[in-house]
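Peer 1: Now for the letters of each chain:
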Amino acid sequence: MGAFVRQAAWILLAALIPASLTAAFHPRRPVWSQETLAPGEEMLPTILSWEGSVLWVDARSADEYGAEHVPGAIPLNLESWDQLFPKFLDRWTPEKKVVVYCSATTCELSREVADRLRKSGISSVFVLKGGWEAWKNRK
Amino acid sequence: MKLLLFLLCLFAGSAFGQLAWATTEQTFNSKPQDKEVVAKYKFTNNGTKPIKIQNVRTSCGCTTAALSKTEYAPGESGEIEAKFTFSGRTGKQEKAIMVATSASPEQPTILKLNVYIEETIKIEPEVVLWQVGEQASPKAIHIAIADDAPAKIVSVISDNPALKVKLTEVKPGKEYEAQIIPDSVAQPAAATVIIRTDYPPDNPQTKYAYARIK
Chain A
1 MGAFVRQAAW
11 ILLAALIPAS
21 LTAAFHPRRP
31 VWSQETLAPG
41 EEMLPTILSW
51 EGSVLWVDAR
61 SADEYGAEHV
71 PGAIPLNLES
81 WDQLFPKFLD
91 RWTPEKKVVV
101 YCSATTCELS
111 REVADRLRKS
121 GISSVFVLKG
131 GWEAWKNRK
Chain B
1 MKLLLFLLCL
11 FAGSAFGQLA
21 WATTEQTFNS
31 KPQDKEVVAK
41 YKFTNNGTKP
51 IKIQNVRTSC
61 GCTTAALSKT
71 EYAPGESGEI
81 EAKFTFSGRT
91 GKQEKAIMVA
101 TSASPEQPTI
111 LKLNVYIEET
121 IKIEPEVVLW
131 QVGEQASPKA
141 IHIAIADDAP
151 AKIVSVISDN
161 PALKVKLTEV
171 KPGKEYEAQI
181 IPDSVAQPAA
191 ATVIIRTDYP
201 PDNPQTKYAY
211 ARIK
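Residue numbers (our numbering), protein chains in the order written: chain A, 1 to 139; chain B, 1 to 214.
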């Protein structure tokens, strides 16, 4: 019985060492909390609390925007920047917070558009964490 | 001995049956007129069982990944061809291709594609803004041409006569300053500053900057 317990303890220890190293150093280890925000990202409840001072920007394709979008959102993407950016400027005012979204957490388009807006001199630009999926799943 | 055998069995799953990649990261320097970059990621099934590539996803709609077939026998090699289309992007671009296989469906291999797209003509800032009622002082837009680009600025004009443009050459042929001069900032107004270049010769670029009084 004692030998069995000892052997089980060794096996657990042997498993614990690589598990701990993986948890600490693996580049693709799972995050501890889903609420982690990247710089410039905001959660939907926070954005909704800003109420009327938000200008929504849809960074998805024209087809996706045409099918459905956040009410009042304007389309803006890198492919058609020169055509769409003047229309964005017509709607934008400096006191508004700009919130960019794309399809889901994994898409990059919202971050790319947000970066380009900041580089263009637009202040208060945020990315919606979870993108359109987060908006669709809101309660 | 029993313990040793157990541990060997424990690690066997992760030690064998993986695809061996020649490289998982590639970097390119490109010019905007290149339009796209194609990168090939070669791999070999170094295991003892066939491996199926179950899923290939990319981090951006601008990147596609193609695969000639999905199942690879032991010792067989293949490649994933990733194509990144610039579509107006400039500067440093980092794209990822996630490859999930039957050997590790939950831990996809991440292939990285880094591309630096040179900005031939750089405009900063792209927008100049006045608030209604503030002082009607001029605001500057800087135009710079990359050192190795044989480009010239042909003209810089405003589409609104109430927001005039005065162009000054800062560094001959390479740097310019466009002063945007409003007649008045008592009322909202908008202008597009049209910057025409002679580069590339077969399809000269026109760039834009914007002036707004809000």
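Simulated from the structure, these hints should not be mistaken for laboratory data. Treat the hints with care, as some may be off.
[As the list claims (entries may be wrong)] Chain A residues, not near chain B, derived (Cβ > 10 angstroms throughout): (1) Val54; (2) Trp81; (3) Ser124.
[What the hints assert, rightly or not] Listed next, with one range per pair, are the computed distances between beta-carbon atoms: (4) Ser80/A / Thr48/B: 22 to 30 angstroms; (5) Val38/B / Ala104/A: 35 to 43 angstroms; (6) Ser80/A / Asp202/B: 34 to 42 angstroms; (7) Gly66/A / Thr48/B: 47 to 55 angstroms; (8) Lys171/B / Pro45/A: 44 to 52 angstroms.
Just so it is clear, CB atoms sit at the ideal spot from N, CA and C, and this is done for glycine as well.
Peer 1: Out of the numbered hints, which ones does the structure contradict?
Peer 2: 2, 4, 5, 6
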